[in-house]
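Chemist: Which chain is which? The protein sequence lines are L and E, in order. Following this note's numbering, the numbering of the first sequence begins with 46 at its first residue and continues without gaps. Following this note's numbering, the numbering of the second sequence begins with 34 at its first residue and continues without gaps.
Please keep in mind that the hints were generated in silico from the structure rather than gathered at the bench. Careful, some of the hints might be misleading.
As the list claims (entries may be wrong) - Some chain L residues close to chain E (C-beta under 8 Å, calculated; not the full set):
(1) Ile-175
(2) Leu-186
(3) Val-190
(4) Ala-193
(5) Phe-196
(6) Arg-198
(7) Glu-202
(8) Met-205
(9) Leu-209
(10) Ala-212
(11) Ala-216
(12) Gly-227
(13) Gly-395
(14) Ala-466
(15) Phe-467
Just so you know, these numbers come straight off a predicted model, no measurement behind them. Every residue gets a Cβ at the ideal spot worked out from N, C-alpha and C, and that includes glycine.
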Amino acid sequence: MIDAPRVELWAILPVLMLFGGGLIALLASGFARRAAQAPFALFTLAALAAAAASALWLWNRETTTALEGMVSIDRLAVVATLALCGIGAFGAYLGFHYFERDDFRRNEFYALLLFALGGMALLVAAADLIVVFLAVEVLSLALYVMTALTFRRGPTEAAMKYFLLGAFASAFLLYGVAMSYGASATTSVQGLARALTGVGGSQPLALVGALLLVVGLGFKVSLVPFHMWTPDVYQGAPSPVTAFMSAATKVAVFVAMVRVLDVAFGSLAWDLAPAIAVLSAGSMILGSVLAIAQRDVKRMLAYSSVAQAGFILSSFVSPEREGIAAALFYLISYSAAVVGAFGVVMLISGGIREQTGFERFRGLGRRQPVLAALLSVFLLSLAGIPPTAGFVAKVLVFGAATSAGYWPLVLIGALASVAGAFFYLRVIALMAMQEPRGVDIADPSPLPRLVLAVPAVTVVVLGIVPGVIVPLLQEAGVLTW
Amino acid sequence: MIRLPLVLMFSALLFSAGVYGVLARRNAVMVLMAIELMLNAVNVNLVAFSSSLHQMSGQVFALFIIAVAAAEVGIGLAIVILLFRTRESINVDEVNLLKW
Chain L
46 MIDAPRVELW AILPVLMLFG GGLIALLASG FARRAAQAPF ALFTLAALAA AAASALWLWN
106 RETTTALEGM VSIDRLAVVA TLALCGIGAF GAYLGFHYFE RDDFRRNEFY ALLLFALGGM
166 ALLVAAADLI VVFLAVEVLS LALYVMTALT FRRGPTEAAM KYFLLGAFAS AFLLYGVAMS
226 YGASATTSVQ GLARALTGVG GSQPLALVGA LLLVVGLGFK VSLVPFHMWT PDVYQGAPSP
286 VTAFMSAATK VAVFVAMVRV LDVAFGSLAW DLAPAIAVLS AGSMILGSVL AIAQRDVKRM
346 LAYSSVAQAG FILSSFVSPE REGIAAALFY LISYSAAVVG AFGVVMLISG GIREQTGFER
406 FRGLGRRQPV LAALLSVFLL SLAGIPPTAG FVAKVLVFGA ATSAGYWPLV LIGALASVAG
466 AFFYLRVIAL MAMQEPRGVD IADPSPLPRL VLAVPAVTVV VLGIVPGVIV PLLQEAGVLT
526 W
Chain E
34 MIRLPLVLMF SALLFSAGVY GVLARRNAVM VLMAIELMLN AVNVNLVAFS SSLHQMSGQV
94 FALFIIAVAA AEVGIGLAIV ILLFRTRESI NVDEVNLLKW
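If we strip away everything but chain E, and leave its shape as in the complex, we get:
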């Protein structure tokens, strides 16, 4: 049995790594992967709470997140491909037709 605070610490670190990735990475696909990291940190969190509370609903929620994350990646990659077709680049910094 792993202790709950340790797992929460781990998921907080994973989430922070994801946040860092989103802010530091310049490639759109890498940003997408960093976001996945954040979502998985949430999944770890939910499953840990779920097992320590002896409840199912947290795990069900985690399954929902996995499914929605897959749909999100589908849309995201479609937009990346569309952008690549019009720009020949997926570097987020070069996407500068509109100002930040």
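In isolation and in its complexed conformation, chain L is listed as follows:
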């Protein structure tokens, strides 16, 4: 007699909403290729709202796993899903405006966005390495296509690089999964944790597996030395896609890293922490130094996101719940700032042939005071200057790293943020102090400015009263198994 598996579909309701919405959008875009975009955009927002509502509904559920231990139901997943839905809504709106402006009908964009978000929402709830792998692939495959969506030469080349290096990294991730399976006879996060605790002695197979998993996941969040694709892809991809992927991928993959590193390989934390510290320090230093050399704002933001990934990772040396809460706060503040920054860059760059060199930003304060002010807020937050959320976030992650005894890492981080402040402030100075040159190609429409004010307000509010979400995040950081 075979026991039928229990199918608890309610546990993945947010994921189902996103995938369901994606399928409907895909079918509709197949039948109405040249139809107006607005219904698609509205439908996407509705699907995101449904997913967010069903995630909220899971908030008060008992922490457990469902679907034969494949997905976990806990507050970490709920918080991350809500953040992802928020990022997705901005991504959808920015994409709508971007394609509408050039009358370039790409209705598949919405389906791909929903698929990518579905994969991300699955990734943040994944409680088994099979699900981690499937979710990473779903989100990556959608993002590869989104990168190439304008069919121009730059985006296509970016997609090619993203795809080849991404598939290469997935192979490492899988090799890591195979090793951990061999070491523990299970692929479930809980099972791994149970199998690896109390074994004693060195566990080379599990350690190799964990390190390969870190390589695979580190590629997706562009940690040095797996960051080579980041500048090209962030520069080449259409700006709304860059805004979406730079924020949402980091949220999803870092939350998955929390589960993999803090739970599954929690008993190897002492062996893994030095490797994590090296990756984190490398990303902070190299990201900040290379960003200084850039002459293009999108490329500069790409290197800055490499450095930001290092800052987030530095909280992972502390397996306490403060570390998780700090990482979550950093992810939320980073997402708001980076979505806003790429959104403003999209408005300034003028159309599908994006011009994002520094000369476009010269004297922007005179011509486009609103855009310049918004971009300044986002850049100040990325630099970590009070009273923005970026400052609080840096304090929290450095506090977590210090309490774990990694003060050299904190020192490197502090120096890297000083170097970082230079290139962020240079753009602000360029906008405020120089005379404008050439013709103004910035987008004049008022609605995107209003929409981009939302992340700006978020960044400032979280910087002044971080207490509004920190207790929630600390609750989300409690992982019971």
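With chain L's structure known, arrange chain E on it following the hints.
Modeler: Using the frame of chain L, we list chain E on its own:
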């Protein structure tokens, strides 16, 4: 019965061959094939562990990998074709509009 360490050695070699292929090949399709080699090395690994542990889950995982690899190749070749249309070349070194 083949001994487990031998199989693991074989899959490690296969994986390394794939890594070498990705780093050394210049044709995008060849790079794609090298990546497939790496994925199949993982499959060998999983099936070997699965049989030595007398468990099914490793083999199921291998089936998942095969399915996802097929989807990945689909997307990859679509991007290669798109690149060929805009560039008339799929040599990875000539893809240089953006710096590495």
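Chemist: Which numbered hints turn out to be false for this structure?
Modeler: Those not satisfied are hints 13, 14, 15.
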